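Model the full assembly from the supplied sequences, consistent with the hints where possible.
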Amino acid sequence: MTKRILTRLGTSVLVLWGAVTVSFTALHLTPGNVVDVLIGSSIVTPEVRAQIIADYGLDRPLPVQYATYLGRVLRGDLGQSYQLHESVATAIGTQLGPSLQLAGATLLVTVVVSTTLALLTARRRRWIRGLSSGLELVGVSIPTFWAAILLLTVFSFQLGWFPAVGADGWSGLVLPVIATSIPITTMLTQLMRESLELTLEEPFVLTARSRGMSDLGVRLRHALRHALVPAVTLLGWVVGLLVGSMVAVEQIFSRQGIGQLTLAAVTGKDLPVVMGVVLVTAVLYVVVNIVIDLLYLVIDPRLRSAA
Amino acid sequence: MPSFRSPLAALAILPILALTACGGGTPPAQTETAGAPVKGGSLVFGVNTEPLNLDPHASPQDVTGLFTRPALDSLVALDDQGGIHPWLASSWEISPDGRTYTFKLRQDVKFTDGGVFDAEAVKTNLDHIVDPKTKSQLAAAAFGPYESTEVIDAQTVAVKFSKPYSPFLAALATAYFGIQSPKSLAEGPEALAKKVVGTGPFIIDAFVPHQGITYHRNPDYNWPPAGAKHTGPAYLERLEFKILTEDAVRLGALTSGQIDAIASVPPVNVKQVEADPRLAIVRKQAPGGNYNYYPNTASGVFADQKVRQAFRDGIDFATIVGKLYFGTFDPAYSPISPATHGYDAATETQWRHDPTGAARLLDEAGWTGKDAEGYRTKDGKRLTVRWPFLKSFAREQRGTLAEQVQAEAKKLGFDVVFTDVTPTDFAPKAIAGDYDLIDFSWQRADGDALRALFAISNIPSASFFGQNLARYKNTEVDGWLSDALATTDLADRAALYAKVQQQVNTDVAVFPVYVFNYLLGVSKNVRDIAWEPQAYPTFYDAWVSKA
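Top to bottom, those sequences are chains L and C. So in our numbering, the last one in the first sequence is 318, and the numbering has no gaps at all. So in our numbering, the last one in the second sequence is 1849, and the numbering has no gaps at all.
What the hints contain is simulated information worked out from the structure, not anything from laboratory work. Any given hint could turn out to be false.
Selected chain L positions facing chain C (in silico; Cβ < 8 Å) [unchecked claim]:
(1) 94
(2) 97
(3) 163
(4) 164
(5) 175
(6) 265
Since we're looking at a predicted model, the values are computed, not measured. We put the beta carbon where it would ideally sit given N, CA and C, even for glycine.
If you want it as C-alpha cells, here you go:
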C-alpha cells in the first residue's frame, strides 16, 4: 500500500515537473526576445523590463534560468501579467471560483442524471432504449456553443424563465450548467447503460433474482457497482473536456472564469497567464486522477486487497 | 508632430484601434418626445467589447472612453460641427503664437471622492498623461508637442506647447483627457486599471472583467457640458454596462426586454429590430479614418499609380459594401468619414466604378499577359497583391468583405493573396513595408486624422510606428497638413483638409471602403441618449419612461 502511494505521488510530481518544463520550453521557443514575449502587447518602462530580466534570470545561462523558473514556481510565484495589471496568481485565483462552481454543478448534474437514466433504460423495451439512445446521439453531437445559444433563446429570450446574463446565484447558473452537461451526460449515460446491460446478463444477477430480489434492488445493489468503474474512468477524462466547453459557455453567458481568462490570454499572447493556466490544469488533472484512484477502491473491494 | 512615447506603444495601438474603432454625425433619431423626464430608475446597456485597462489616460482602446465617460468630465466639450464649448473650464484663451492655452476653471466642481477640482488637479492630470510611467498609448499621442502645464492661480492654468497644435482642444474634449481625482491617480496604474474617480455625473461601483461595470448617480453633480439638455444630477439612479460579446446573445437580451439598449446591432438584424414596435435603431457615423484599404505606394505592384487606380476603379466597392451590410454602412469615397470636421463632399464624385477604364490602365501599365489561371502578367510575372490580413481581429465580417474583393479583383486579373498574420508578426512586416495592401480604420473626431494617415513623418519605421501604411510621400500634402496644425480657424482648416483629401484620391493613395456606423439598439422607453463626437452614447440626459 505504501509503495503504491509513493509511486502515485512520484508520478504526480513527474507530471507537474513535465508541465513546468513544457511551459518553460514554450516560452523559449516562442519567436522573439523572451522579455518581449513575457510582456506581450503591453508597454512597460525600462525599469520594469530590467526587473523582469532579473526575476527570470534572463541574463544568465539557460540551465540557471530553468532552475530560477522552477524555484519560482515551487514558491508559488507564477509571475506577473503585464496585460492584466495583476499577478498571474491573483488573476487565476479570482477566476477559479466561478469556474469551479460551474464545473462542480455540472459534474453533479451529470452523475445524477446519467445514473438515473442508465438505471431506468438498461434492458428495457426497445422503444425506450431507442428513444434514449437517439437523444444521446443528438446530445453528443450538438456543439456546446450552439446548445447554449439555443437554451438562451428558448428559456431566456422566449419564455423568460431565466436571466440571459450575469445573474448572481442559482438562477444564473441553471442554463450554463445544462449547456455544459449535455454532451458529457449523454456520453456517460450511453457508457453506463452498456455496461449495466452487460452486467445484467451475468450469472450472479440471475442468482440474485432467484433469491427473490426486486428488479430495482438488483440494479442498484449489484449491477450499478460494475457500471461505475468505467464511468469513473470516463469522468476523469471529461474534466479535461469541461475546460474546453467552459470557454464557449463563459463567453456566451458572460460569466467570469478560467475559460475566458485562457481565451483572452491566448489571443492576447499573454504568456505568463497561459503558463499559469497550464500549471493549474496540470494540478487539476493530478488531483482528479488521485480522486479517481481512490474512488476505484471505494467501488470495487477486489482492488483493495490487490492494493 | 505628435510622437508616441515609445515605438512599441504606437505599435500596439494599430491593431487594437482597428478592431475597437467607433463612430459621429447624424442626429440621434430619438423616439417621440413624451412628457417630462422621469427621475430615478436604472438603465442596462449591453456592450460588445470591454477595456483591459480602465484608465483612459493609459489605455489604447477607444472602448475605455465609453466606460469612463459617465465618471469623468473633460475641460471642454466638442460638438458635431467641430465647435468647442465650456465644460470644467469656463473659458480659455489661445496665445497669438498658438503655443499657450490658458484655461479659467469652474469654481464649484468637486471630485466624487471629496477632493477639490483646481488648477493643481488639472496639472496633475495632464502631467500624468505624458508621464512615461503611465505608458499612455492613445492620449499621449493625441497630446502632440505638449511641453508643460503651469498653475497660475487656483482657478487658472496654462498649457504650453513647443509648436502650434490646433487639434489640442478637440483632443482635450475626449474621455482620454478625462479629469481624474489626483488622489485616485496617486494610487498607481494597477488600481486605476480597475477603477477611476472623477467629477462625472456617475460614480463607478465596480468593474468586473468579462461581466460589466456598474455606476450610481453623483447627487452633487451640477456642471454638465454646454449643450446638455438639463442641469443638476443625472436622471438615472443606476447605470450598468453588461459585456455581451456574442452577437446573438446581445440581440436576444434586447429583443426579450431584459436590457434597455445594446451596442453594435449586427447589420443582418437591423431590419428585425426596426420592425419591433418596442425597439428602435439609432445610427451614428464614426468620425476619422473610414475602414479603408491602403496600397503600398512605395514598392511592389502598387508603386505604379495606374495599377492602384485600376484596383480602386475596377472593383465595385459600393455594391459589395451595400450587399454585405444590407445598407447599414455607407460606401466611402474619401479617406475620412462625412462625420469628420473637414470632410470634403466633392470627393464623392471624384472617382467612380469603371471596369473598362481599369482594364485600359492595366494594359497601359504593361500588365498585358495572361497566365493559365487568368491572372495578368508582365514579363512572365503574375500581378500578385500580398495582403497581410489580421483574421483574428477582423470584425464586422471584414474577412468576408476581403474575400469578395479578392474575387472581384480576380476578374480584373489581380491575384490577391492573403497572408494570415498575428499581431506579433504584423508589426515587423508593416515596418519593413513587406506588403502590397493593408486594411484598417482610424477613428478620431478631427480632420487631423489625415495627418496620421498621410504625413511623411508617419510612415512606419523601426523607431516610429506611424499610421501612414500607404507609405505616401507628398511634400505638398505635408505642407497643407502642417498649415492646418498652425491655424485654429475651422474654415481654414476644413479648406486645407479638403485639398489633402482631393490630392490623396488623385494619387490613389487609399481605396476608401466603408463608413463605420455605430448601430445602437434601444428600447423606446429609453429617452434622450446623447452622443460623444467620437460616436459613443452618453447617459447624463438619459431617462427611462415608465410607460
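Hints and how they fare:
no.	hint	in the structure
1	94	6 Å, holds
2	97	7 Å, holds
3	163	6 Å, holds
4	164	6 Å, holds
5	175	4 Å, holds
6	265	6 Å, holds
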